[in-house]
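**Q** Based on the sequences and whatever the hints tell you, model everything.
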Amino acid sequence: MEELNILIDFYCTMGNTSKLAKYLRERGFSIRQISYDALRMRERVSIEPARVQLIIERVKALSKTMEETMSMWNHACVEAWIEVHGRRRGENRRVLSKDGVCIYVRPGVKGRTVYKVAWIDACREVVDQPIPESTTRKCIQSRLEEVRYIIETIEKFLHIHSWR
Numbered sequence: 001m002e003e004l005n006i007l008i009d010f011y012c013t014m015g016n017t018s019k020l021a022k023y024l025r026e027r028g029f030s031i032r033q034i035s036y037d038a039l040r041m042r043e044r045v046s047i048e049p050a051r052v053q054l055i056i057e058r059v060k061a062l063s064k065t066m067e068e069t070m071s072m073w074n075h076a077c078v079e080a081w082i083e084v085h086g087r088r089r090g091e092n093r094r095v096l097s098k099d100g101v102c103i104y105v106r107p108g109v110k111g112r113t114v115y116k117v118a119w120i121d122a123c124r125e126v127v128d129q130p131i132p133e134s135t136t137r138k139c140i141q142s143r144l145e146e147v148r149y150i151i152e153t154i155e156k157f158l159h160i161h162s163w164r
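Using our numbering, read the sequence shown as starting at 1 and increasing by one per residue.
One should not assume that every hint holds.
To be verified - Only pairs whose alpha carbons sit at most 30 Å apart, straight line, appear in this in silico DSBU-like list of lysine-lysine:
no., residue 1, residue 2
1, Lys19, Lys110
2, Lys110, Lys98
3, Lys110, Lys64
4, Lys156, Lys60
5, Lys138, Lys22
6, Lys64, Lys22
7, Lys138, Lys64
8, Lys98, Lys64
9, Lys64, Lys19
10, Lys22, Lys110
11, Lys138, Lys98
12, Lys138, Lys156
13, Lys60, Lys22
14, Lys60, Lys98
15, Lys98, Lys22
16, Lys19, Lys98
17, Lys110, Lys138
18, Lys19, Lys60
Hints were generated in silico from the structure; no laboratory data involved.
**A** What follows is the structure in structure tokens.
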């Protein structure tokens, strides 16, 4: 079994935390408030070959929602990863560069392998070296071009993984 996970922390402008929470819940996103001005949204979707297009549609809905709510948040921090259950033997930590996306591969808990988007500019293959988890978290301002870059990267990541 494989799961796509997207975690977004929204840091809201004064007075907009509850408005954003309501808006996200109405669109079916799972959220929780982590401070007076921050919300955490997590998408967890099982990946099956027949559902890849549906997952891409959900990512596009996320993009649209982020664009529609840009006036309610100042910054957002994004992480995206895929967990593969049943880790293959000999799977080591490494960084891969595929189609312009840096992917950090590391062993997870309970025999899983974790493939995380690494938001680094100079992506080069690194083997057996852990990288800081902060490189797998991208913080952006509420700008349209930044939101689109994040979503395009997640879509590429999903396509890369679905055809591996």
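**Q** Hints first: check each against the structure and report whether it holds.
**A** Do the hints match the structure? See the list:
1. The hinted pair formed by lysine 19 and lysine 110 fails the criterion: a straight-line CA distance of about 38 Å is larger than 30 Å.
2. Distance check on the hinted pair: lysine 110 and lysine 98 sit about 27 Å apart at the alpha-carbon level, within 30 Å; holds.
3. A C-alpha spacing of about 35 Å is found between lysine 110 and lysine 64, which places the hinted pair above 30 Å, so the restraint is violated.
4. Restraint check for lysine 156 and lysine 60: the C-alpha separation of about 12 Å stays at or below 30 Å, so the hint holds.
5. With a C-alpha separation of about 24 Å, the suggested pairing of lysine 138 with lysine 22 holds against the 30 Å cut-off.
6. Pair hint lysine 64 plus lysine 22 holds up; C-alpha atoms about 16 Å apart against a cutoff of 30 Å.
7. Taken as a hint, the lysine 138 and lysine 64 pair is honoured in the structure, with Cα atoms around 18 Å apart against an allowance of 30 Å.
8. Our distance criterion of 30 Å between C-alpha atoms is met by lysine 98 and lysine 64, whose separation comes to about 26 Å.
9. Between lysine 64 and lysine 19, the direct Cα distance comes to roughly 17 Å. Compliance with the 30 Å bound is thereby established for this hinted pair.
10. Between lysine 22 and lysine 110 the alpha-carbon distance is near 35 Å, which puts this suggested pair outside the 30 Å criterion.
11. Between lysine 138 and lysine 98 the alpha-carbon distance is near 18 Å, which keeps this suggested pair within the 30 Å criterion.
12. Annotation: proposed proximity of lysine 138 to lysine 156 holds, straight-line Cα distance about 16 Å (limit 30 Å).
13. Taking the CA atoms of lysine 60 and lysine 22, the gap is about 20 Å. The hint holds against a cut of 30 Å.
14. At roughly 21 Å between alpha-carbon atoms, lysine 60 and lysine 98 fall within 30 Å of each other, so this suggested pair holds.
15. Taken as a hint, the lysine 98 and lysine 22 pair is broken in the structure, with Cα atoms around 37 Å apart against an allowance of 30 Å.
16. Using a Cα cut-off of 30 Å, the hinted pair lysine 19 and lysine 98 is violated, with the two alpha carbons roughly 38 Å apart.
17. Taking the CA atoms of lysine 110 and lysine 138, the gap is about 27 Å. The hint holds against a cut of 30 Å.
18. For the suggested pair lysine 19 and lysine 60, the alpha carbons sit about 21 Å apart, so the restraint of at most 30 Å is met.
Hint violations for this structure: numbers 1, 3, 10, 15 and 16, all remaining hints satisfied.
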